[in-house]
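We have chain A; now place chain B onto it with these hints.
Number of protein chains: 2
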Amino acid sequence: MKDVRSAEILCVGTELLLGDIVNTNASYISRRLAALGIPVYRQAVVGDNPERMRQAIAESFSRSDCLILTGGLGPTCDDITKEMVAEYFGLPLELNEEALERMKSYFSSTGRNMTKNNEKQAMAPVGARVLQNDWGTAPGLVIENGEKTAILLPGPPIELEPMWRDRVEPYLFERSDSVIVSKNIYILGMGESAVEDRLRYMMEELTNPTVAPYAGNGECRIRVSAKAKDEKTASDMCDELIEEIKKTEVGQFIYGIDVDSIENALVMKLRDRGLTVATAESCTGGLIAKRITDIAGCSDVFLGGCVTYAVDAKVKLIGVSSETIEKYGVVSAETACEMARGVRLALGADIGIATTGIAGPGGGTPEQPVGTVYIAVSTKDGETSKLLQLSPKRSREFIRICAATNAMSLALNS
Amino acid sequence: MKDVRSAEILCVGTELLLGDIVNTNASYISRRLAALGIPVYRQAVVGDNPERMRQAIAESFSRSDCLILTGGLGPTCDDITKEMVAEYFGLPLELNEEALERMKSYFSSTGRNMTKNNEKQAMAPVGARVLQNDWGTAPGLVIENGEKTAILLPGPPIELEPMWRDRVEPYLFERSDSVIVSKNIYILGMGESAVEDRLRYMMEELTNPTVAPYAGNGECRIRVSAKAKDEKTASDMCDELIEEIKKTEVGQFIYGIDVDSIENALVMKLRDRGLTVATAESCTGGLIAKRITDIAGCSDVFLGGCVTYAVDAKVKLIGVSSETIEKYGVVSAETACEMARGVRLALGADIGIATTGIAGPGGGTPEQPVGTVYIAVSTKDGETSKLLQLSPKRSREFIRICAATNAMSLALNS
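In order, the protein sequences belong to chains A and B. Take the first sequence: its letter number 234 is residue 234 in this note's numbering, and every next letter is one higher. Take the second sequence: its letter number 116 is residue 116 in this note's numbering, and every next letter is one higher.
Don't read these hints as lab results, they were simulated from the structure. Computed from a predicted model, the values in this text were never measured in an experiment. Hints may contain errors.
Unchecked claim - Here are the simulated lysine to aspartate or glutamate pairs, EDC-like style, with alpha carbons at most 20 Å apart: (1) B/Lys316 <-> A/Glu98; (2) A/Lys116 <-> B/Glu192; (3) B/Lys316 <-> A/Asp350; (4) A/Lys393 <-> B/Asp294; (5) B/Lys227 <-> B/Glu204; (6) B/Lys393 <-> A/Asp350; (7) A/Lys393 <-> B/Glu249; (8) A/Lys116 <-> B/Glu249; (9) A/Lys104 <-> B/Asp134; (10) A/Lys116 <-> B/Asp294; (11) A/Lys120 <-> B/Glu192.
With the rest of the complex left out, here is chain A:
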């Protein structure tokens, strides 16, 4: 098979057409395809309707040589994606014994009985490559037919994303005769448009490697991608450009290369230094602890934390003094510092991280509008705090994510 030259994405699901869920699969796959240098000409969504699926599949293959379909692989009679693609290629379906065995053991390992209708998920078009699904029941499929390739993946993002990473990308790599290496530069404290302004000449003039900025949740990330015959050459090309970017004004805002997230950067740094951390969260309500414990193996670094949502909890759990709260208010640098120190001492950690603020939409005042957040870090050398004044127009979710990110950044730089 040759390199994939262009792709389209077809997401199947009535819940998408009804707007019950946002189509994150299309953006996820598009982003990953862009990183591989494969252009996406179209994304489409159709319901579980034979006639409309038939039409969409035929249209896509009239334009592109690869079609990625998501959803409609489940056990119900509504799930017809596989059937429609098999029909398009004129291939009969057969029971795939290996897929059936895997599904049976998956069910027995989760202590459930496999109902008869689940067998449907083990059917595959003759000659298809079955992509093992370790994150759910429906396997994925790759169907190659002449110049055309269909890749079928389960709809739930929690299955689709690891399937893409661990099954589809290795497959696409096999087919390709060049490799693309991407590296990500993580930035906090400089907005996307400012970053773009400083790096515009690179973005506009370079074609290999390329530079692209991405923004989201108050953070910014720059992706550097290089295409070459082998991985080492592509990787070196990226590194060279990253060194150049570090020398610009952007350099001082970089908190890591390929660190994945600020929580991961923090855990790695603390581990390197043999330090432990504890959290005391008010407005972020457990989000910092949740994000740190998203990382497998964080237990050598993270001892625990308190979610001191009610005022009283701050006093009872981590010994914030009632006088401090009375004098300076719950949302204040002083309270944030006492929280950070309190949780550090209560758990015997090297570093304490704290947040207290107003995430909204209610609770704002003229003096302290929604978006006012104090973050603090405590170490044996004392406390540091910082006021974040986020826009009151921002969502509760954004304010909480941003507060958590900045609190971890303060700890990273402490």
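Then chain B, alone, in the frame of chain A:
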């Protein structure tokens, strides 16, 4: 003009095809159209490419009588949506004086000068209805041509959403004569295929109302939708069917109707009863607290919690006895119960919720593989615990989400 019988959505933008942004416009518009009883047959995304747009517009109108386009209405030469639609209908563009005046006054009110290229945004096909944009510069457009209607809206969600609500819906209301009402049944403890098995006759035979199951993150949801002349009639049709579903075997697994999420169901129930809750989390690492505090205004119910990730933190923060941990182990019903009681007493809450387990991927043993989680709830009447044995093949993320959901469910039923 007649009622809109069916619609398609075409979102224009290279940033969507690159996966740089998630397409929230498509889900927003679809949700609002569903509420109006207008079926959406397809959503599509194309780049700012004349040939591909031309093809997408023609395809859509071959299937549907209404096409909603978003994006590509800006001042740059890349913005060609309006031009392509005008071309499809064979209508020339003319300068709309009213739109031009509004745009001039918008610019002056934001203290900016209007550059010449902005005038392009005031051009409209002859006979089009201009939708005033009070949230940005590019006005929207409605173009009616025979049986076909095109609705053009600006791409940024911050402009699109109010434009839809305040400009497009009043227009569609003038044209429509029926509504669809949907209600969601939330289920925990019964898988999607088992649910489908029990309700197959409803799913296959009913056309109005309809029944459709959705699965994700270890939960299941059934959506019941009815179409009628007015909202009351459609709502009653849904209620009747929901009562019927409650009488089936599925009934005992229902935890709420239109409750949005288990955390929301829990907060609402506790609020109704005037009760407060506190959390002690080990393997879920703050996720329960995070999910509860995702809900604005949860502070009347949620006092706070502890993330007792290290063994020592369980003893220090919430007084779990070292003997219990030594005798039964950290991952045990006894430790879970002491954690739930400990945090309840420490914070003076009515209910304590606790989790302790092995989220993986490391840390499993032959006796306690990854996926072993104890959840517990404590009230003044004592403690209840439950063992969850999730598949060790599941991701860390899934195990944590599932543990958190089940712990909240145990509290909901306490």
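Evaluated hints:
no. : hint                  : in the structure
1   : B/Lys316 <-> A/Glu98  : violated, 50 Å
2   : A/Lys116 <-> B/Glu192 : holds, 13 Å
3   : B/Lys316 <-> A/Asp350 : holds, 16 Å
4   : A/Lys393 <-> B/Asp294 : holds, 17 Å
5   : B/Lys227 <-> B/Glu204 : holds, 17 Å
6   : B/Lys393 <-> A/Asp350 : violated, 35 Å
7   : A/Lys393 <-> B/Glu249 : violated, 46 Å
8   : A/Lys116 <-> B/Glu249 : holds, 18 Å
9   : A/Lys104 <-> B/Asp134 : violated, 57 Å
10  : A/Lys116 <-> B/Asp294 : violated, 39 Å
11  : A/Lys120 <-> B/Glu192 : holds, 14 Å
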